Amino acid sequence: MNIFVLLPILIPLITTIGVLLARQRPRLRRNLSLGGAGLLLIIAVELLVLVWRDGIQVIQVGEWAAPFGITLVADLFSAMMVLLAALMGLGVIIYSQATAEQRAEHFGYSALLHFILMGVNGAFLTGDMFNLYVWFELLLIASFVLLVLGGRRDQLEGTFKYVAINLFGSILFLVAVGILYGVAGTLNMADLADQLNSLPSGLVTTLAMLFLVAFGIKAGAFPLFFWLPASYHTAPAALLALFAGLMTKVGVYALVRVFTLFFTQDTGYTHTLILIIAGFTMVTGVLGAVAQTEFRKLLSFHIISQIGYLLMGLGLFTTAALGGAVYFMVHVILAKSALFLVGGIIYKLRGTYNLKQLGGLSILYPGLALLFLIPALSLAGIPPLSGFWAKFALVQAGLAAEQYVIVAVSLGVSLLTLFSMTKIWAEVFWKDQPGKETPVQAISFIPHQAGVSMLLPVGVLAAILVVIGLLAEPLVNLSLLVAGQLLNPADYIETVLGGVL
Amino acid sequence: MEIVLALVIGGLFAGGVYMLLRRNLVKLLVGLILLGHGANLLIFLMGRLIPGRPPLVPVDATHPVGLFADPLPQALVLTAIVIGFGLQAFALVLARRLYQSAHTDDLDQLRTTET
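If you're matching them up, the sequences are chains A and B in order. Plus 1243 on top of the position in the first sequence (first one is 1) and you've got my numbering. Plus 174 on top of the position in the second sequence (first one is 1) and you've got my numbering.
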């Protein structure tokens, strides 16, 4: 019985209720919201330390032993994702203090943010397939409401597409879970790893494909990503940072979990397919991004492109590759969210996300330009920033596995990523603002009108990106540990089912 | 009985997919609802149908004796129905708001957020 596995779910739930009750009292609501997010971050750090030191932590909910009850499991991968979710949650909640509109807050904006965090953490920690479905639905319903807050026509339209495709994906997920239960007689992930080995591999592969499509929709993998650039860009920047950082990554997490733990019978087929999907996801995402001239749309396409790199690590299916993917996950969540948050600051300064109407910001606010440049160059993979080590690890693993095509694709896509980042740089920061005189000197180093609550999260994210780039070794080692644990699930299975077998 | 249920599920999925491919907002939602029902029935069927044998423990025993119906799929279906109901209700209200704001229910006209 380890309460730390449960707390990352309980704290956001309690915070959500508290924030809802304090709706009429803005100061109390704000303090509760910030306090809850801060506490979650502390707990998440504790959990990671605990799992790192003492091994995998398990709670059998209600003392119903696995595989009969619902199990919550925190292995290194789960704990790491929970920590990232908590970090993003705190950052976005601080940032939202400056940007959230009164109207949105009236409809429960902060409460819903915490609710999403609960759903995300639940999905990361659960050890049961049906429970995973429930967490997915919880975080989806909260994300629906958050996307549509404001009620503008484009929001309604974008959200409707998002709702429709996600409901369809959920139905597929449900069908897959039903059939899985029918053939394996269990839904406990650790137990499934045992049971599926005795089934014909054709049947298992068919099931794996159903899950691949269901999770592929949520993750935004090729060719199932069209909902993402059609809906995300209607949301405000703070929300987008959270969605870009977490929502699609939950899909990737689920894919990694099922395709390392129990869909490993026919890796020659399933994982090669994932590798092909990874290549197409990278290429289509980055090509879509190159064609855009709106800050949020451009970055939305980049989300898809980065998903490709994560899938590449899963598809290669070696310790080095999965380790690279885990490192990439950390890097991309931080870098992507930082970019969206910078976009929000630019919107605050200029009132537009259109690249054509922006300009001159590098002279006016050199500090802001720096804050953009760090995550942008990191995303493109320029050494010594974090993106370089992430891509280096993946490319090296690809070469070791002799998958030269995907390595070539990933390097080419890197180049195009750099190109589209320099496009934002040239349009927003370098060129003169259309119709305005070129200013000769900076107004100030950083834009003071953005305030501490907007600048602090971006600054911290950028600082973390620099640190994990310059001091890459501890994180690389941790990533390899995570990958090792994923590829040798015996420990996981033993810990979950321990009392039973 | 299994055959009948299988046919019903197949019918629900076929109808659901057909409605999903229509251009009308409401028909799309009807399609999703049909698919949801199909999925729920499928889980129920996958738990095997054992009529007339509830999983009850006799007074003097510690576990149910003989063949008995698996209660888990029914618990799963119940959860799925509740979740599906909530999501579908939200989607219906959303569709209505979208119709009021865009003055059309033709999905081909709703392209302003596409890139």
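Since the hints were derived computationally from the structure, they do not count as laboratory data. Just so we're clear, the structure is a prediction, and the values are computed from it rather than from any experiment. Just so it is clear, CB atoms sit at the ideal spot from N, CA and C, and this is done for glycine as well. Don't take every hint at face value.
Unchecked claim - Only part of the chain A face toward chain B is listed, based on derived beta-carbon distances under 10 Å:
#  : residue
1  : ALA1347
2  : PHE1350
3  : VAL1391
4  : LEU1410
5  : VAL1418
6  : VAL1420
7  : GLY1421
8  : LEU1423
9  : GLY1425
10 : SER1474
11 : HIS1476
12 : LEU1714
13 : GLU1716
14 : LEU1718
15 : LEU1721
A quick look at each hint next to the structure:
1. ALA1347: violated, 16 Å
2. PHE1350: Check failed: Cβ of PHE1350 (chain A) comes no nearer than 13 Å to chain B, outside 10 Å.
3. VAL1391: VAL1391 (chain A) check passes; min Cβ-Cβ to chain B is 7 Å, inside 10 Å.
4. LEU1410: holds, 5 Å
5. VAL1418: holds, 5 Å
6. VAL1420: Result: holds, 7 Å to nearest chain B Cβ.
7. GLY1421: At 4 Å from the nearest chain B Cβ, GLY1421 (chain A) passes the 10 Å test, so the hint holds.
8. LEU1423: It holds, given that the least Cβ distance between LEU1423 (chain A) and chain B is near 9 Å, below 10 Å.
9. GLY1425: At 3 Å from the nearest chain B Cβ, GLY1425 (chain A) passes the 10 Å test, so the hint holds.
10. SER1474: holds, 7 Å
11. HIS1476: holds, 7 Å
12. LEU1714: Interface hint status for LEU1714 (chain A): violated (39 Å vs cutoff 10 Å).
13. GLU1716: violated, 40 Å
14. LEU1718: violated, 35 Å
15. LEU1721: Hint violated; LEU1721 (chain A) Cβ to chain B Cβ min 35 Å, cut 10 Å.
Checked against the numbered hints above, the structure violates hints 1, 2, 12, 13, 14 and 15; every other hint is satisfied.
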